[in-house]
Amino acid sequence: GPKVLQIPSHQIIDMGQMVTLNCDPVSNHLYFYWYKQILGQQMEFLVNFYNGKVMEKSKLFKDQFSVERPDGSYFTLKIQPTALEDSAVYFCASSFDSAETLYFGSGTRLTVL
Amino acid sequence: AQKVTQTQTSISVVEKTTVTMDCVYETRDSSYFLFWYKQTASGEIVFLIRQDSYKKENATVGHYSLNFQKPKSSIGLIITATQIEDSAVYFCAMRMSNYNVLYFGSGTKLTVEP
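Going down the list, the protein sequences come from chains A and B.
By the working numbering, the letter at position 63 of the first sequence is numbered 63, and the numbering carries on one by one without gaps.
By the working numbering, the letter at position 79 of the second sequence is numbered 1079, and the numbering carries on one by one without gaps.
Quick caveat, the hints were computed from the structure, so don't treat them as lab data.
One or more of the hints may lead you astray.
[Unchecked claim] To give an idea of the interface, some chain B residues facing chain A are shown, with a C-beta separation under 10 Å as derived from the structure:
1. Val-1004
2. Gln-1008
3. Tyr-1025
4. Gln-1039
5. Glu-1044
6. Val-1046
7. Tyr-1064
8. Asn-1067
9. Phe-1104
10. Gly-1105
[Claimed, not checked] Coverage of chain B stretches by chain A, computed from C-beta distances (three or more under 8 Å per stretch; other residues unrestricted):
11. 1070–1079
12. 1096–1103
Each residue gets a CB set at the ideal place from its N, CA and C atoms; glycine is no exception.
All chains, full assembly: derive it from the sequences and hints.
Right under this line is the structure:
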């Protein structure tokens, strides 16, 4: 199926530092998403993004979080500053339109020390 | 509020048999989409199959099929002729037609043994 690429696969940083998670969505997809999964638990929605704007976000999408896709390059999730509770696997997803199936990347495991 | 519930935390079957995984959902919307994904041991999340609420016929893709019972708000996943490589965690998910957020269940871990 369609491939979404996430870079890096694992990131370890100290609490308070900034981190940027990168996502290369499926080439013709227009909607982009971030989901968070704490070990062994279900995935939870963070944010979706379309046409350069955040469309919807959850309570998990704290003020320290931001997303952007500059000039059609990577879709990024930035956390500044990071907190211990941000440790999780972050999955990027994309879809062609809002009614279509979401395709997920392999995730970035973020460890905040 | 939207909610997706998977009550089976784990299932173990012998290969080449059929397994059914349960999922019930809650929504007030009349139009919605239902999905099943699997998460492999490596963490990869793979889309398997979907059912749109307005379609009466159960979806089928390869050896995956759905048992959609709309009056019961139930969308079971059926895997026939299971293989060792079907071992994974299976997530049910739902999205409303007018709200682009995918709600996931807690997952069912399937182990297929020789």
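ask   = Against the structure shown, which of the earlier numbered hints fail to hold, in ascending order?
value = 2, 3, 7, 8, 11
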